[in-house]
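Chain by chain, the residues run as shown.
2 protein chains.
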Amino acid sequence: MSEHTVRFLPHEKSIKVQDGENLIRAAMDAGVHINASCGGEGVCGKCRVMIESGEVEGGITDRLKAGDREKGYRLACRASVRGDLTVLVPVESKVDISALTTQIPPRKTAVIRQVDFEELKEQGLFLPPVEKIYLELPPPTAQDNLPDATRLVSHLSINYNEHRLVVRLPVIRRLPDVLREENFKITATLARPVHEGRKSHIINVESGDTTGQNYAIAVDIGTTTIYGQLLDLISGEVMAEHGLFNAQISYGEDVISRIVHAEKPGGLERLSKVVTETINEIIANLVKKAAVDCDQISAITFAGNTTMTQLFLQINLKYIRRAPYVPASTIYPPIKATVLGLHLGDHVTALVYPAISSYVGGDIVAGVMGSGMYRTEKLTLYLDIGTNAEVVVGNKDWLACAACSAGPAFEGGGVEHGMRAAKGAIEDFLIDPITLEPMNITIGSVRPVGICGSGLITIVAVLFEMGIIDSQGKFDRDLDTPRIRKREDGIWEYVLAWEDITGIDRDITLSEIDIDNLIRAKGAIYSGCQTLLEEVGLGIEDVEEIILAGGFGSFVDLAKAMTIGLLPETDPEKVTFIGNGSLMGAKMSSLTNRIRRDVVEVTRKMTNFELSETTSYMDHYVAALFLPHTDLGKFPRLQKRLDEKRAAKKMNAVK
Amino acid sequence: MSEHTVRFLPHEKSIKVQDGENLIRAAMDAGVHINASCGGEGVCGKCRVMIESGEVEGGITDRLKAGDREKGYRLACRASVRGDLTVLVPVESKVDISALTTQIPPRKTAVIRQVDFEELKEQGLFLPPVEKIYLELPPPTAQDNLPDATRLVSHLSINYNEHRLVVRLPVIRRLPDVLREENFKITATLARPVHEGRKSHIINVESGDTTGQNYAIAVDIGTTTIYGQLLDLISGEVMAEHGLFNAQISYGEDVISRIVHAEKPGGLERLSKVVTETINEIIANLVKKAAVDCDQISAITFAGNTTMTQLFLQINLKYIRRAPYVPASTIYPPIKATVLGLHLGDHVTALVYPAISSYVGGDIVAGVMGSGMYRTEKLTLYLDIGTNAEVVVGNKDWLACAACSAGPAFEGGGVEHGMRAAKGAIEDFLIDPITLEPMNITIGSVRPVGICGSGLITIVAVLFEMGIIDSQGKFDRDLDTPRIRKREDGIWEYVLAWEDITGIDRDITLSEIDIDNLIRAKGAIYSGCQTLLEEVGLGIEDVEEIILAGGFGSFVDLAKAMTIGLLPETDPEKVTFIGNGSLMGAKMSSLTNRIRRDVVEVTRKMTNFELSETTSYMDHYVAALFLPHTDLGKFPRLQKRLDEKRAAKKMNAVK
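For the protein sequence lines, the chains are A and B, in the order given.
The numbering of the first sequence is this note's numbering, which starts it at 141 and goes up by one.
The numbering of the second sequence is this note's numbering, which starts it at 141 and goes up by one.
Chain A with its partners taken away, still in its complex shape:
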């Protein structure tokens, strides 16, 4: 795809974008504010810009006056970049222009890291857990009437140097007919031992040569969403991916309410059943999408937090939510997929990622495995942000972990207009420093209906850095804009979008209560990281790399996350994003036994810290209940920017 350069005036900022990029998103990425409160649907008509030169597509709606159109005005939110452009953004006064020099850092998300299957092979780490071998056995005769199973095992032993083989009962059951279907030409599926020298299991036999078809499924069982991937075990490719809401949601949004439900009579079985149904639906969908034969799926791997895993496996988990938070087990034996009610062949064994503790689950272990953190030399901070945030620090020699209850702010909970990252959620935001008019960009470029987690971080960071809220999250009461107002109940709020241009029947606002909830959430995570590092004798400044995981992480503007003090301030280049770490780990285990072997060592090595038992945690937490933190010295870059802004403001005031 071709790239174009877009130059914004009077800001004199340029940015390179892909052909077809939306113009308002280009402005946002360039850190150029354009009034836009309707999220990008072209309803408010405020994002009027003049195309001084170059070609755009679209951007003409009935919100644009006929005269404006001829003059070269377009609605930025409806315009696509089709060539190098020079765009003039209308500003209302000279002051506006000077304000443009005090921009906050441009949007910067983490580098996405994906494991390369070829690299895995090159490193000798590719030890497929399930392999198919095509065999041509000599048919029996009166002089050679070995039992069928013995014939198979002997042939593998003599011709393939395969020893210590176990033939499972279902294979014995069907072996006679399968052998005779194509004159003793068969494909045997072998499940490899995790540890070399242990037994391989012959889990399946098929007539003829089916070695070209061998698939696995990896599943992340999230509290909210369940994702599955169908993997080709030969190429290592992801053939299909599918996600669905965990049907357990109707029994409670968070893990605690699920546990409470599980304690009711029949509750555990019910929750297990519904999550199994969701998983089966995902499997059916994956098989359809990838157009493969379901019988050719040889393995399935699961990762999920401790509660999700144990609900699925129908393990009694009522003590997880009671001090001292003891789970039944953190290790799960391999289980036949059919025993778990999965719609897969009877030869498929389900592998379930081990957990560390009640609140650091298999999803985190999977992330640590999948990201390769356990093999790195560098001191790494692994962070999975959700309602419960989990933190892992360490490297190839040691690992420590902790969980902190962040509350649901990052997932849209506890925030009046908070919502999940879905269509209509404000995901990006800028504000005009003079007019205080917002620039809202929504997921799907439709009328805003709420604020998602990453949007919330950005909004609060921008409001703070622009001096509209102070370090305690309180609005500057003196600002002259109808968008900042006091509610009837005395709470102050900022109106992101007026009722007439929202997708709901009222204004979308962000109140001091919402901001406070975000500060508590980010404070819990930051102090969790800090406490955990201190427990192992280190400081947050020792961290050499940060790995972000979770659906959330992909959209977080790292600079903004550092501005509010969610992440320690560091070079954004050191932050990588692995997306769904849980799914990535499940995928890796499906592809290579090496991970399955290493995970035993990793879980043994990883020390769990109960933050509630750590006295310093509360002190750190209270200190973190500010933007970005009581100790601004921990955020020197931000401090420098704030100082500059303060100086510029004074200058303006002097003018």
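Possibly wrong hints are sitting among the right ones.
[Said to hold, decoys possible] One-sided excerpt, in silico: chain B residues whose CB lies under 8 Å from chain A:
| # | residue |
| --- | --- |
| 1 | P287 |
| 2 | V334 |
| 3 | I455 |
Hints listed in this document are in silico derivations from the structure and should not be mistaken for laboratory results.
Glycine is no exception: its CB is placed at the ideal position from the N, C-alpha and C atoms.
Given chain A's structure and the hints, the job is docking chain B onto it.
Leaving out everything else, chain B in the frame of chain A:
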């Protein structure tokens, strides 16, 4: 119990019997003929004897004339020995007395061998496959909040030196509540690995101390009958035993008809289901008889022939009955009892004895293991006689086996009045050499209804040795008795019991066709033994010990079996009877892992010979179609007796 001596006149034969022994059975055991055709029910009134001295109980019925009673006559079949006796048996002539000197050898059954559990312990062979350990775990605290499963495993590791433990999913599921029921005092059930150093599985946990209750079940799945034993794993005692007809009988009497049925749609599942039902019935009965808690059964072991085993396990067995007679497998992995539909706890694993071939099954392997044949120095012949007879020869260094189709004669099939060993079956027999009147003894001492296998052997042996039939099984047409007659179809037969005293509405007879069927059956077995021994370069005379197995063997009069040429002629002291070898092996495997370990080696060591593929088999078979054999030189003791009888006959003729 006290013993009494019974002296029979005019025979001048004495025998020691237990107090209360039936007088006619005492006579039979002493080799004293008393006319008795009604089996011992007191109906024919022919067994009138005079008590010359001593005390008997009973023996008085309305068949005894009033005068006779006063004279001291009693019906032997209704009289019990209560003190030392002298009994006069009425004889019709002086000739009778001389004939008494040419008696055939007295009844002699094999020595019954049972494995001694204490001896097993002393020899260090007692390695219980399932063990219970009582544990008092430290309850978790905030500082020690290990997962429950880890707490259990660590405790076992530190305090009991138990390493390499696997905690199964069902245990994980219930562990939390079980631990907290009696303040972390629990009993753990450990399934031991067959091979040292492998993993032990924690298969069950119970609150409190239940180490006193630990049971296993051993099951022999016979084609006709299924036997179960409930074993105390602490004392090694058999707590209860129960047998039931295999409900599969309604789908065919023999293995072939069962296989044929299994090939029909749904047939295999149906046969599996009905045998499982029979087994469940036996389990329920055992638990009731032994008054134990079903949940305290920790293990179950099965042994059965290849067909019975594979029908139970729902293994496709259609190629078993087709040349080259290839079974699906001869080794079966451990299987969860619940998966097999057994009404046992979900912690119970079913172990199934491996087979050697399609026709030498797990029942034979179990017998070889249970009898200890595989550990002996002596060349041993192991013989399990049924419709299919299986032969094993060898010792601790080598083993060879073969199966021969004997036909159903020994189980009452192919013989007009043949029947299973049940109430009313003639099980013992003598004949008056002059009057040719029979002495029938039936199982249960009731009116005869038929002839069981061991009875058949005895009758034919007696008829042959008394010269009533010749070596081809043909009656002496010149004998003057209404009991030997030519049927309308030209077939000669002997009337064992006239209609009026039988339990059926017609005469009970034995025809030349019946005798021929017996000769074919015994010929198949004898030539099977002979061929197998020849294949390994030995002769029947090299056999140092004979082990008889099968329900049949316990009642067989060894001398008679040698007379007809079913068994090679040898010292009866060298013959031991182990009863149900299959059940014995299943029991032994339930008690000690040593057997389970050794069985792998034994099955590897045992060479199967297909007699149908052995050219000499047919020659041996044809030679064995005589009483006792074409080559009488193989039976020197019998030859000597026959010579003596012939001489005595001549003497009588001269007189």
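Here's how the hints hold up against the structure:
1. Because the beta carbon of B:P287 sits about 5 Å from the nearest beta carbon in chain A, less than 8 Å, this interface hint is met.
2. Interface restraint check: B:V334 against chain A, minimum CB-CB distance 13 Å, threshold 8 Å, status violated.
3. Hint status for B:I455: holds, given a least beta-carbon distance of 5 Å to chain A, under 8 Å.
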